[in-house]
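Undergrad: Chains as they are written, first to last, in this note's numbering: chain A, 1 to 274; chain B, 1 to 324.
Keep in mind that the hints were calculated from the coordinates and are not lab data.
The beta-carbon is built from N, C-alpha and C at its ideal position, and this holds for glycine as well.
Among the clues, some could well be false.
Simulated pairs of lysine-lysine, BS3-like, Cα-Cα distance not exceeding 27 Å [as the list claims (entries may be wrong)]:
| no. | chain 1 | residue 1 | chain 2 | residue 2 |
| --- | --- | --- | --- | --- |
| 1 | B | K112 | A | K54 |
| 2 | B | K214 | A | K19 |
| 3 | B | K214 | A | K274 |
Partial pick of chain A residues on the chain B-facing surface, computed with a CB cut under 7 Å [what the hints assert, rightly or not]:
| no. | residue |
| --- | --- |
| 4 | N16 |
| 5 | A94 |
| 6 | P240 |
| 7 | A243 |
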Amino acid sequence: MSLGVSAGTVGRIAANVFKESVRDKVLYSVVLFAILLISASYILGELSAGQEIKIVKDLGLAAISLFGHFIAIFIGIGLVSKEMERRSIYALLAKPMSRTELVLGKFVGLLATLTVNVLVMSAALFIVLAISDAVTDPFFKKAWEAPAVDPALLTATGLILVQLGVVTAIAIFFSTFTSPVLAAAFTVGLVIVGHFGADLKNFEQIVDSKPLAWMARGLYYILPNLASFDVKLQVVHGQPVTAGYVAMTTGYGALYVATLLTLASLFFSRRDFK
Amino acid sequence: MAAIETDGLSKDYRIGFWRPRPYRALHPLTLSVESGEVFGFLGPNGAGKTTTLKLLMQLVYPTAGSATILGRPLGDREMKRRIGFLPENPYFYDYLTAEELLSYFGGLFGYKGADRAKRVSRLLDDVGVGGERRMQLRKFSKGMIQRVGLAQALINDPELVFLDEPMSGLDPIGRRDVRALILRLREEGRTVFFSSHILSDAETLCSRIAIVVKGHLTASGSLAELVTSTVKGWEIVLDGLPQTPAGPALLKVTPLAPGRFAVEAVPSVDPAQLARELAGATGRLVSINPIHDTLEDLFVQQVDNAASTDRFDGGTEPNREKSA
Numbered sequence: 001m002s003l004g005v006s007a008g009t010v011g012r013i014a015a016n017v018f019k020e021s022v023r024d025k026v027l028y029s030v031v032l033f034a035i036l037l038i039s040a041s042y043i044l045g046e047l048s049a050g051q052e053i054k055i056v057k058d059l060g061l062a063a064i065s066l067f068g069h070f071i072a073i074f075i076g077i078g079l080v081s082k083e084m085e086r087r088s089i090y091a092l093l094a095k096p097m098s099r100t101e102l103v104l105g106k107f108v109g110l111l112a113t114l115t116v117n118v119l120v121m122s123a124a125l126f127i128v129l130a131i132s133d134a135v136t137d138p139f140f141k142k143a144w145e146a147p148a149v150d151p152a153l154l155t156a157t158g159l160i161l162v163q164l165g166v167v168t169a170i171a172i173f174f175s176t177f178t179s180p181v182l183a184a185a186f187t188v189g190l191v192i193v194g195h196f197g198a199d200l201k202n203f204e205q206i207v208d209s210k211p212l213a214w215m216a217r218g219l220y221y222i223l224p225n226l227a228s229f230d231v232k233l234q235v236v237h238g239q240p241v242t243a244g245y246v247a248m249t250t251g252y253g254a255l256y257v258a259t260l261l262t263l264a265s266l267f268f269s270r271r272d273f274k
Numbered sequence: 001m002a003a004i005e006t007d008g009l010s011k012d013y014r015i016g017f018w019r020p021r022p023y024r025a026l027h028p029l030t031l032s033v034e035s036g037e038v039f040g041f042l043g044p045n046g047a048g049k050t051t052t053l054k055l056l057m058q059l060v061y062p063t064a065g066s067a068t069i070l071g072r073p074l075g076d077r078e079m080k081r082r083i084g085f086l087p088e089n090p091y092f093y094d095y096l097t098a099e100e101l102l103s104y105f106g107g108l109f110g111y112k113g114a115d116r117a118k119r120v121s122r123l124l125d126d127v128g129v130g131g132e133r134r135m136q137l138r139k140f141s142k143g144m145i146q147r148v149g150l151a152q153a154l155i156n157d158p159e160l161v162f163l164d165e166p167m168s169g170l171d172p173i174g175r176r177d178v179r180a181l182i183l184r185l186r187e188e189g190r191t192v193f194f195s196s197h198i199l200s201d202a203e204t205l206c207s208r209i210a211i212v213v214k215g216h217l218t219a220s221g222s223l224a225e226l227v228t229s230t231v232k233g234w235e236i237v238l239d240g241l242p243q244t245p246a247g248p249a250l251l252k253v254t255p256l257a258p259g260r261f262a263v264e265a266v267p268s269v270d271p272a273q274l275a276r277e278l279a280g281a282t283g284r285l286v287s288i289n290p291i292h293d294t295l296e297d298l299f300v301q302q303v304d305n306a307a308s309t310d311r312f313d314g315g316t317e318p319n320r321e322k323s324a
């Protein structure tokens with residue numbers, strides 16, 4: 001087992017993952033559907049004077065996050081497991097590379113794909129917002145808490161991307177030691193729990209049992225706190241998201257990803273490909 | 001220097017879900033393959049050939065024992081730069097073209113730019129898929145995939161090539177091409193370790209062979225050592241005989257058509273003299289052929305031995321190289 005990592009090898013594997021995504025028609029359908037949904041939010045916004053821009057932003061960011069999750073989970077699980085199922089890994093691992101590089105390459109490749117997708121979806125959102133801005137009566141604009149084409153939206157989409165990085169790492173982690181179906185179930189389960197992390201923190205306020213409260217507190221620290229990456233509400237309502245918070249949250253995400261990928265690499269490096 | 005050395009390499013799998021029990025896929029295997037030889041690793045389906053190759057490629061880890069390839073431990077990155085591997089029934093990324101796949105694998109060896117493009121182009125031409133280089137692999141037939149598999153195994157000009165069932169899925173032309181390729185590799189001084197159950201290929205190509213049955217190495221050595229070249233008898237085919245031939249020198253008589261017979265005679269007779277006597281006034285000689293032991297005889301004998309004894313059912317006797 002070799003843990004040596006070459007950036008060139010990781011890059012080449014990542015480029016291949018990216019190429020696979022670019023040629024995957026399903027991915028295009030997902031992104032197209034997300035763009036349609038973002039565009040449709042404009043129509044919904046029209047139904048509520050003064051609130052339209054908030055609805056467009058809220059729905060748009062939610063669509064980016066939701067479809068990003070969909071891509072991260074379902075492509076993420078397939079990245080490693082498909083290699084094993086179809087046995088393409090046999091010829092690959094005979095090349096001068098380690099299994100760690102394979103795991104890292106897959107992660108980086110999907111992250112690059114997600115970055116492009118989030119950028120495309122964000123561009124669609126900005127276009128819809130710019131159109132809304134152009135066609136809205138200035139009188140109604142006074143009710144807006146933040147400008148339509150608000151650069152703060154990029155903070156939200158940036159943190160969504162970090163969040164998707166964590167979700168991708170979770171999917172890859174599970175797929176290195178279990179079947180795709182179980183990996184999908186575990187990943188979806190952990191992502192759902194991760195979005196309700198704050199509830200675990202406050203569990204001691206609603207239960208009397210100390211051990212249960214400690215367990216909930218322990219889980220809070222172990223499980224990914226995906227809710228911390230969600231600043232949609234603040235951005236939509238024009239509240240500031242500090243650079244310190246963004247840096248801290250990004251650092252947390254990076255640390256979580258590094259831990260998961262290290263564990264994934266350890267499990268994967270010990271696995272027999274029967 | 002030995003290109004491949006294994007020392008007591010073995011593999012147990014756990015089978016069963018509720019009460020998993022060990023199943024020994026490969027009994028301790030001690031084997032040495034010299035540089036520059038074409039080594040045939042033969043055995044029936046499920047004998048442990050692919051398990052051995054997977055162990056050598058570190059796709060599975062050994063339960064016990066060790067091995068070196070080109071004098072370096074398994075999994076060593078520098079060693080991997082000098083070897084090529086064609087898996088059994090290979091599958092490659094079907095969204096890539098043949099050219100892109102080879103380019104990707106070439107990149108993993110650090111080849112870049114024009115050098116890589118030249119290598120890819122030459123190899124695809126060599127294996128006969130040059131015309132389809134820009135076609136996605138999903139449109140390739142099984143035989144064409146096998147050819148691409150061979151090309152990717154040679155992308156780095158390897159000193160040692162592992163081929164797992166290289167003739168699998170190929171038509172007669174494809175098999176002829178692969179045989180020519182292996183012979184060319186031998187002429188270039190490369191070592192080839194290939195697993196197969198197609199014995200005629202092994203007979204044509206191999207300097208040495210090993211036979212593995214039910215995870216046990218049952219025989220290994222050069223074909224000359226394993227298969228005796230002494231004449232075991234004579235097969236004479238005659239036509240136009242008025243009656244069935246008979247005589248003390250005949251071991252077996254097989255009628256082929258009215259008046260046409262194949263006879264097997266003891267090795268001590270003069271076959272030409274016997275043919276003359278049997279043909280008599282009306283008969284005509286069709287052919288005389290010496291009967292030798294073949295690799296097939298040896299193979300079948302090894303498999304039959306394994307089937308008729310229970311020594312291969314769970315024993316831990318070490319697998320060492322031995323002659324039949």
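Undergrad: If a hint holds in the structure, say so; if it does not, say that too.
TA: Status of the hints after comparison with the structure:
no., hint, verdict
1, B:K112 to A:K54, "violated (50 Å)"
2, B:K214 to A:K19, "violated (42 Å)"
3, B:K214 to A:K274, "holds (17 Å)"
4, N16, "holds (6 Å)"
5, A94, "holds (4 Å)"
6, P240, "violated (44 Å)"
7, A243, "violated (39 Å)"
Violated hints, listed in ascending order, are 1, 2, 6 and 7; each of the other numbered hints is respected by the structure.
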